[in-house]
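S.K.: One-letter residues, chain by chain:
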Amino acid sequence: MNETLPISITRKGVNLLKFLRPVLGAIILLFIVYRLSQVLFVQHTYGPETWTRLIIAGLIIGSVYALIAIGYTLVYGILFMINFAHGEVMMLGAYTCFFVFEAFKNIKVGTDPVLTFSNAYPVVSIIIAFILGMSVSALTGYLLEKIAYRPLRKAPRLVPLISAIGASIFLQNAAQLLFSPQLRDVANPEILARGAGWKILINGSSVTIPYTGVFTFLLSLLLLVSLYIVVQKTKFGRAMRAVALDKKTASLMGIDVDRTISLTFLISGALAGAAGVMWGIHNSMVYYYTGFIPGIKAFTAAVLGGIGNLPGAMLGGLFLGIIESVGPAALGIDFQLKDVVAFLLLIVVLTFRPSGLLGEVLAEEKV
Amino acid sequence: MKATKFVVALIIMSVLFTACNAAPAAAVPNSTAETTAAPASETTSPSSGAAAGSPDVCSTDAYGCAVFKPGEVVKIGMGAPMTGGDASYGIDISQGGTLAVQDAGEFEGFKFVLVVEDDGGTAEGGAAVANKFASDPAFVAVAGHIYSGATSAAMPIYEKAGIVMLSPSASLPTLTTLGSAVFNRIVFTDARQGPPAADYLFNKLNVRKLAVLHDGSDYGKGLAEAVSAKFVELGGEVVITEAITKGETDYTPVLSAVSSKNPEAVYFGGYTAEGAVVVNQMQQTGLENTIFFGDDGTYGADFLSRTGANGEGAFATIAPIPADSPEKAAFDAAYLEQFGKEAGTLSPYTWNGYDSVAGLIVAIKSVAVVGNDGNLYVPRGALVSAVRSLTDFHGISGTYTCDAVGECNTLPPTFVVVKDGAWVPAP
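Taken in sequence, the protein lines are chains A and B. Here the numbering used here is used: the first residue of the first sequence is 6, the next is one more, and so on. Here the numbering used here is used: the first residue of the second sequence is 171, the next is one more, and so on.
Since the hints were derived computationally from the structure, they do not count as laboratory data. Since no wrong hints were added, every one of them can be taken at face value.
Computed far set for chain B versus chain A, every beta-carbon distance over 10 Å:
1) Glu403
2) Val532
3) Arg558
List of simulated lysine-lysine pairs, DSBU-like, C-alpha gap at most 35 Å:
4) Lys416/B to Lys110/A
5) Lys204/A to Lys391/B
6) Lys416/B to Lys391/B
If you're wondering where the values come from, they're calculated on a predicted model, not measured in any experiment. Where a beta carbon is used, it is the ideal one built from N, C-alpha and C, also for glycine.
In isolation and in its complexed conformation, chain A is listed as follows:
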């Protein structure tokens, strides 16, 4: 791996790094275990109701991260580049969700003055929101590849990366100019009212399992499983895996490489769009910067799970979501430091498993 890096590291430096890495990892790990035991067994800071709440929050946000992370992993697997504009693709999905629900909110049904389309036909509205959101994002992903990445396919590895960052900034600013920089609140249909949910009593305190959260979680699991089946069982999936392994050989075997890459971007865009619509439904607040942080987090999740590996991205997403939400409480530190906890864990994981949780050792070409 070191041979391909443009920065030369002296032999001595490499040895020192090799020696230091596990030591550093072990120190961080020991610290985590120490704090964990303090909070759990000595101080008894939080009761079971708090832990349940934290895990629920983590699973919901984790499932959104997983959906976005899949996009990073798919594209990386096939082109070996990080599509940094992926978060913005998700943002456009969230905006579509906002516009669809806003439109349906303003369509009146029948003579009832308060009954709107989104409340009269909630399932239809939600399905339309998802179809439109996924299509807009899929189209964005497709065009992104055509315009920003395809002309650079033969260029050195860093060039498409810069192009991706440029595309990301372009999309953010375009959204700011087109949709104004104001925060938008997504108007959910009543059956998915934000904040409503099943209440269970734990330790005398009511814990809410929000409908929007359960919906988000189940739908993203469904999408992830169906994607996995597509990749593993269908002809297109086989083509995709072949292109990921070796583009040249795949084209010799009669696979249309360009078409496969375009389709990959379509799929990853559609998944990001679904994540965007879920984000809109669950978190409501949509603006031009919505996609940036989830995009970065999902990228982290993809690396955590082993970039290029589909189940790895799913696992990484859920793992990151839970760590982010449970981590600060478990370590007994300030909640503002949740990102510190998440990235600390990333360091620990990469120290002991440099290719991620489920990552295999990559072929030389992919590194």
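We have chain A; now place chain B onto it with these hints.
M.R.: For chain B alone, kept in the frame of chain A given last:
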């Protein structure tokens, strides 16, 4: 060829940059000698310094004079968040200020104008806007900035340029302790907002266990600390203090931790964007019966529309709502007519916005002189001291007298609560 082009481009750019630097330099104290040679072609923006008809005061003034040729307008700046989650504050306050400019009319044939620039409410934005204003010699005063963070970044820049400030809403207590000569404000400070809030929680609402949340900003954190200190002093217990990250949409983890301490009330120091999320998610984290107590940053129509039924019963402390007076009625009517909204629904500061611009114009009128060449001369140093010594100025929100450090308002806050989807004075 390429090298020549590059050199030419370099020369052009360096000339341009020097020209840019020369403009603000004209406002530097005692630079009158150089600036008499200011190019005659400059008609859109006035040049500073002693021209032929310049009055004596300009040569003795610490910052020199801003000169306006007939037909030019006297610019008053305002740096405000006009976009993003807290935009309602900037929009509302600048609309109040706009009305003040309309009411002020002309001075010896010279018009006033309020120029609003978006600083996003951030320190970086505040400094950028301040540099922009300072580089245009037509700016003599700034009604702002709106947020404390932006204000504290902008202060040194205005201090250097001799531009006086009168903020309608920057309430961080330490702003007036920094020794700035140009900074003044007509808002009540967080030092007067925090302790009364703690007192209200303890004595009126009988809260004994308080959770304190803040958004980590200068304003929110300062307020949270002031409330904590006073609440503990009164004999209450602060069960948990947590900071949240600005701009996020999921605060359920931190609220779960708050919930585990069973507080009777949550005090939140911060702004509407995060405050509304906190209120909504308190419903999901076992805090549905806990009182939410906000500050003047969580007041406004945006809070109501974002929280809906969840916001019912939320408290806030705001700048004193002005007592009914003919001036207020006239302002409210003009505001409704021009902007299509009731005054005070977007933010509690629209009257302050009016007052601060009106106060600045009064001060400008008191020091400005028309030279015998027909130009208007505004001595910057004299203007700075005129605002600082503003006495018994009658605004809509009250009567202002600025003290030695620039605090012009000493009224206690008003407490408000959400009832049936509207902000009403709390009992």
